[in-house]
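K.L.:
What follows is each chain in one-letter form.
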Amino acid sequence: MTDAVPVRVLIVDDEAPARSILREMLSDRDGVSIVGECANGFEAVKAAAELAPDVVFLDVEMPKLDGFEVRELIDPSIAVVFVTAYDSYALRAFEVHAVDYVLKPFRAERLGDALDRARARRGGCRGRWRPGRPGRGP
Amino acid sequence: MSALHPILARKGRFLPLLSTAIPIAALLTGLLARQGAFRFGEAATLAWPLAFVAVFLFLSVWYVAMAAPLRGGRILRTVVTHAVAAALICSVWVLSGAGAARLLVPLWGATFPQRYAAQVPVLFTTGILLYLLSLALHAVLLAVEATREAERHALQLQVLAREAELKALRAQIHPHFLFNSLNSISALVGTDPPRAREMCLYLSEFLRKSLALGERKSIPVREEVALAKAYLEVEGLRFGSRLTVEEALETGGQDCLVPPLLLQPLVENAVRHGIATRVEGGVIRLEARRSGNRLRILIENPFDPDAPARRGAGVGLSNVRSRLAARYGSDALFAARKLADRYLVVLSMPAQAAD
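Protein sequence lines correspond, in order, to chains A and B.
First residue of the first sequence: 0, per numbering that gives the first Met the number 0; consecutive thereafter.
First residue of the second sequence: 0, per numbering that gives the first Met the number 0; consecutive thereafter.
Be aware that a few hints might be false.
[What the hints assert, rightly or not] Which residues of chain A face chain B? A few of them, derived with a C-beta cut under 7 Å, are:
hint : residue
1    : 27
2    : 30
3    : 103
4    : 107
5    : 111
[Claimed, not checked] With a straight-line cut-off of 25 Å between C-alpha atoms, the simulated DMTMM-like cross-links for lysine to aspartate or glutamate are:
hint : chain 1 : residue 1 : chain 2 : residue 2
6    : B       : 337       : B       : 279
7    : A       : 45        : B       : 279
8    : B       : 337       : A       : 115
9    : B       : 10        : B       : 150
10   : A       : 45        : B       : 303
11   : A       : 45        : B       : 150
Don't read these hints as lab results, they were simulated from the structure.
Just so we're clear, the structure is a prediction, and the values are computed from it rather than from any experiment.
Built from N, CA and C at the ideal position, the CB exists for glycine as well.
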């Protein structure tokens, strides 16, 4: 990756292996710092407020709050990438302005595309963390 | 139905059919002799050819009965059709008798055809009665055929329904579970290869078993439970310490037969709508017990009452409910209850021991 805009990532999934593959693939990317990992929706909302991530990789089916409820409760400017085994939520994800919708299991490249889209979206929304670079539209 | 008369369509029916000429010949002999118009010998020689012609002529009533069914058609049309057909058939029959009478001239004298002609009204009336008798018998035959056809159809539908049900069941079980499991394997390959391999093996075991069991009509509870455990092993690798399984399987209960994959949707529900909704996870409890001639199966799991309902809730339950009803009718009981933070499913059905 040459695009080394720093990006703060929060990983949210209730299954440990699912978190670990996200961690593994995302940490290979330049400029990515994983600021936290959460195992349920409630933790995710709390972490999103405290850690102010740029991007959340969010599972849909989780204890406490599901992915869509988390999306509603966190800062709308945070880019959300849904990561789930269910393709049936795709339309709803689009409606809540998710940046991307990644189906499990996935390739590192696919996750990288999602990350790039999230970076671009953040570029369009807020400029403080990536000065001087125009955002690419999704 | 074929164009051929059902009696002629099968071998071995021809002789019984010919033998029906005997009572008809006897009847006609009696009828012709009683009138005083013929001596017994004369009546008999006339009656036999008439009887054989009648047997084949009145078989054709079947085609009329098919064309103008007694049930479902318009009454006037049916009556007119049968009246015309009866008149035609009886005319042909009486004419064939006249032919026979002419052939018998050398035997019974030149006046024989005229004496026959005098008996035509009686024979014609008899012919009408034979037509009605034949029509009644054919109506019964058609009704029996229709019943058999309906039974065949019902059986076919049953087979189709079973296949469709199994297909639906498989489609319902696998995809998301598979994708999630493959995602776990994908993760473990990097961090914990031995566990990734273990997961592949459990997953294969589950798939192999579920495919094999789906082909069978009934399986012992122990095999169904083994399948559920293979499934729970895979889920255990995903959920880690959040998933615990507790089982109380009585030997008598384990030997009872159940429809294959009956418990699978329930165990899946227990994971997806139960364990997966709780941060701390919990225990899935499986129980199978035979008491007398009843088999009782219980599946219990904790769930988060505040969690939003997940998609597909109720599909598995209604599936199990309808499969139980299809197999046992009102003899099976299915109950699903929410008790505060626990979910309880109880099945009760007739205990059928495996051979």
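K.L.:
Determine which of the earlier numbered hints do not hold for this structure and return their numbers in increasing order.
P.N.:
1, 2, 4, 5, 8 and 11
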